[in-house]
Amino acid sequence: MTAYRLNINGQSHAIDVDPGTPLLWAIRDGAKLTGTKYGCGVAQCGACTVYLDNQPVRSCSLPVSAVGDSQITTIEGVGGREAAAVQAEWVKLDVPQCGYCQSGQIMSAAALLARNPKPSDRDIDLAMAGNICRCATYVRIRAAIHGAAKTLEG
Amino acid sequence: MIHDRSILDEKTHAEAGSTLSRRALLQAGAGLAIGVYIAGRTPSFAQNRPAPQSVNILPNTFLIIAPDDTVTVLCKAIEFGQGPFTGFATLVAEELDADWSQMRAVHAPSNPALYKNLLFGVQGTGGSSAIANSYEQMRKVGAAARQMLVATAAERWRVAASEISVENGVIKHASGKQGRFGEFATEAMLRPVPADPQLKDPADFKLIGRDGAVQRLDSAAKSNGSAIFTLDLDEPEMLTVLIARSPKFGGVVSSFDATAAKQIAGVVDVRQVPTGVAVYAKGFWPAKLGRDALKIVWDDSKAETRGTREILSEFRALAKTPGKTVKQHGDVDAEFAKGGRLIEAEYVFPYLAHAAMEPLNGFIKWDGDTALARYGCQFPTPDHGAIAQVLGIGVDKVKLEVLLAGGSFGRRAQQTVHAAIELAEVAKAIGPGKPLKLVWTREDDMRGGYYRPFGVHRMRGVVRDGKIEGWTDTIVGQSIMKGTPFEAMTFKDGMDSTTYEGSNEIPYEVANFRCDLHQVDVGVPVLWWRSVGHTHTGYAVEAFIDELLEAAGQDPVEGRLALMGDNKPRHAGVLKAVAELANWKGAKLEAGRVRGVAVVESFNTFVAQVVELSMTEEGPKLHKVWCAVDCGVAVNPDIIRAQMEGGIGFALGHILYAEQTIEAGAPVAGNFDKYRSLRINEMPEVEVVIVASGEKPTGVGEPGVPPLGPAVANAMAKLGLPRPRQLPIVPGATA
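Same order as they appear, the protein sequences are chains U and E.
All letters in the first sequence, in the order written, are residues 1 to 154 by full-length UniProt numbering.
All letters in the second sequence, in the order written, are residues 1 to 735 by full-length UniProt numbering.
In isolation and in its complexed conformation, chain U is listed as follows (with noise of 0.2 angstroms):
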């Protein structure tokens, strides 16, 4: 076991895990935080979306040693323009169903939202086809980044 201190929205956790413990798991049963979600633990659905420095990454995949002082944003930390329209349109169009992949879904879309303000349906298929929704709910997360991408234009 090995302490760390992670930083995760803003705030300092003291975290004492094996160092191999992915940082989704130092997340959840360390910082007690459960909005990041676990579905395959090996990088393919996109569940446990979370933002190390402002960037999109798998946490079930990313060691806790490898994080550093690193700022750590989850869902419940999320914030910003880009988080806030999408969040809206989401709720708007209803996009959630069974809602259990929807914070990696909503991660993903806002990073995507902040790095291309206007983003084309091509541009979404690359962004989001790392996030798994077995409910498909598919045609509405589409709807709904247009949607916030509209709204971001004022």
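Be a bit skeptical, because a hint or two may be false.
In silico SDA-like pairs for lysine to any residue, Cα to Cα no more than 20 angstroms straight-line [stated by the list, open to error]:
| no. | chain 1 | residue 1 | chain 2 | residue 2 |
| --- | --- | --- | --- | --- |
| 1 | U | Lys92 | E | Lys467 |
| 2 | E | Lys282 | E | Glu237 |
| 3 | U | Lys92 | E | Gly209 |
| 4 | E | Lys621 | U | Ala129 |
| 5 | E | Lys624 | U | Arg142 |
| 6 | E | Lys624 | U | Asp121 |
| 7 | U | Lys92 | E | Leu294 |
| 8 | E | Lys282 | U | Asp125 |
| 9 | E | Lys621 | U | Asp123 |
| 10 | E | Lys674 | U | Ile15 |
| 11 | E | Lys262 | U | Lys92 |
| 12 | E | Lys624 | U | Ala3 |
| 13 | E | Lys365 | E | Ala388 |
| 14 | E | Lys262 | U | Asp123 |
| 15 | U | Lys32 | E | Asp234 |
| 16 | E | Lys282 | U | Arg142 |
| 17 | E | Lys282 | U | Asp121 |
| 18 | E | Lys320 | E | Lys302 |
| 19 | E | Lys621 | U | Leu52 |
| 20 | E | Lys621 | E | Ala733 |
| 21 | E | Lys621 | E | Lys467 |
| 22 | E | Lys467 | E | Gly340 |
| 23 | E | Lys282 | U | Gly20 |
| 24 | U | Lys92 | E | Lys624 |
| 25 | U | Lys32 | E | Pro525 |
| 26 | E | Lys282 | U | Met1 |
| 27 | E | Lys282 | E | Ala213 |
| 28 | E | Lys674 | U | Ser61 |
| 29 | U | Lys32 | E | Ala733 |
| 30 | E | Lys282 | U | Ile15 |
| 31 | E | Lys718 | E | Pro525 |
| 32 | E | Lys302 | E | Pro525 |
| 33 | E | Lys624 | U | Ser120 |
| 34 | E | Lys397 | E | Pro112 |
| 35 | U | Lys32 | E | Pro236 |
| 36 | E | Lys282 | U | Asp123 |
| 37 | E | Lys674 | U | Gly20 |
| 38 | E | Lys674 | E | Gly307 |
If you are wondering where the hints come from, they were derived from the structure by calculation, not from laboratory data.
Add chain E to chain U, keeping to what the hints say.
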């Protein structure tokens, strides 16, 4: 009646759709709680409550109106995306004349006397029945509450109840007096619950069937990470449990060595359970490391040894022999002997995992005398009994609470109650006193069996002079229900109707017809999977009718309509509606694009779909799907559309890519790399039309699935390709 307490003294937790926890809500001094039976209440709670005898126990325990005007519906169906929180709240709010903004929903706990599915007789969600079995019941709850509130207001204002109106949550009298529900709720609760309150004329509906009138109650909590699923449960001293299960179906532990596992920091205990070896640890990762360090010798003497390849050759051989007749009319053998164009097709369907986003899991706390179980339980009544039985305590000593589940597609409703038994066994093995969370990894879930059964359909048809004169469908498959409590309900003449549903009765008039079945035992556990038998019968029937119509030189839409005659108005209705929506002008388009159509009735809902696709090196590329659905009265049009969209995507991913292969009794695919799921770049545009209907509402969770596969096959045929005979269409696809 002890289960009632679970509503009352539950730990605080925010549930989707409500910013208030149930406890907080109840502590706030809930006003009108229709039918909440409060015997056995806690003393603090009693202070806010009238005596038990003043409250009708039945028929309903479905509604709580709080002094803050919120109306919370206790939903007896599990919410895992298909929308019952919103649906039930819509039905209640409609008759209550509530404002949508005041509506909330939470899960009802396990209590079959109060919360049984009226179609099943026990509490459970399945068969796309949530709205179908609750449409009147939940409207009556709303109407009864309205009547009680109005009577209370009438008394207080000293006016006639008939002079009072209710609109958008406001109770009004012509004199100008008005008030909100919360002001009357506590008094209203003292009244007897009217048994048969007057329901609205559907013409007066403001929410039911009105587009845009309601929004899902759970969207916000599912968009900010606050919705609580079983995986998110936590308590002081709680241990996470992972079980090492047999790699082969039917294998059992012979011996094991836990020395190395117990040396992993965070591992607290290791115990044998009937399904394997359980590792108890402080968190998921130590449990995983501990499990990885186990050394287990498995006894495979009773395990399944065959693989998919062996099972397939057995099934194929059987398909060439007559099975037990399920249904026949005319003389199909004589008809085949007359000659004409004889067409044969054999369709092979793989095992499919449900692979819901949230793998199976469960929370349990047992103190030796009583137990609390909490999880995304789809069939509470049988699970409840199973947990009590394993722990050797009465059902009345077990509380079972239903939580939001991250999908199911059938997986969380278990005819064998295997996951509930295992959850209780895990508690029993370590002994009383520890809160436990049993977690399945993705691999555990995917390799855990309970698949859509593997199966073969051998179809034969004869076309003479442009007419389909004979049809046979020989099915080889494994029974889902055999040996389970559901056998009595679903078996007819020794055959499982869920294996042949959809094949025994086709919507087309064919003079000579036979459907027969070989019901085969295989040691791979199987289960219902979103749309059950229709997952394969829909494909077999709709791909084959299309092939026969092609041979008869007929258009896929016109030909189907002609064969339906006047006897299938709802099939014909959705088919015509989808043809119109898609502007159907034949199957072949320009630029390599083709169209295919299919129509399937499942769970009394009728769905027709048209797909438009082109072929690429990676397989079919779907551009658009048009969908028409007739589900009777459309309670929540937007949820119906969402279920059609999702059903189409779910079906497409499986029809194209998914297959659980078995090798020597062990499932191969363990994760989404080998069990490929549909991704956003593969999702077509979808357009849905809901056919207006005054029929009783039926479900929409499953019926969007069956037509998609055959519609894809039928489109591919227009490019001169064979209709895929073995699914998935893109075999060996990996992510």
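Are E:Lys621 and U:Leu52 close enough, with their CA atoms no more than 20 angstroms apart?
With Cα atoms ~35 angstroms apart, E:Lys621 and U:Leu52 exceed 20 angstroms; violated.
Are the Cα atoms of E:Lys674 and E:Gly307 separated by 20 angstroms or less?
17 angstroms, holds
Would the pair U:Lys32 and E:Pro236 pass a check requiring their Cα atoms to be no farther apart than 20 angstroms?
12 angstroms, holds
Do the alpha carbons of E:Lys302 and E:Pro525 lie within 20 angstroms of each other, as the hint requires?
14 angstroms, holds
Is it true that the CA of E:Lys624 sits at most 20 angstroms from the CA of U:Ala3?
53 angstroms, violated
Take the C-alpha atoms of E:Lys621 and U:Ala129, compute the straight-line distance between them, and say whether it is at most 20 angstroms.
16 angstroms, holds
Check the hint pairing E:Lys674 with U:Ser61 against an upper bound of 20 angstroms on the C-alpha distance.
18 angstroms, holds
Does the alpha-carbon distance linking E:Lys621 and E:Lys467 stay inside the 20 angstroms limit?
33 angstroms, violated
Agreement of E:Lys282 and E:Glu237 with the hint, judged by alpha carbon distance not exceeding 20 angstroms
8 angstroms, holds
Just to be careful, I want the Cα atoms of E:Lys365 and E:Ala388 compared with a cutoff of 20 angstroms; is the pair within it?
Within the cut-off at roughly 12 angstroms; holds.
Assess, step by step, whether the Cα of U:Lys32 is no farther than 20 angstroms from the Cα of E:Asp234, and give holds or violated.
Between U:Lys32 and E:Asp234 the Cα gap is close to 8 angstroms, so the pair holds against 20 angstroms.
Verify the proposed pairing of U:Lys32 with E:Ala733, using a straight-line Cα cut of 20 angstroms.
37 angstroms, violated
Consistency with the previously given hints fails for numbers 1, 7, 8, 10, 11, 12, 14, 16, 17, 18, 19, 21, 24, 25, 27, 29, 31, 36 and 37, ordered from lowest to highest.
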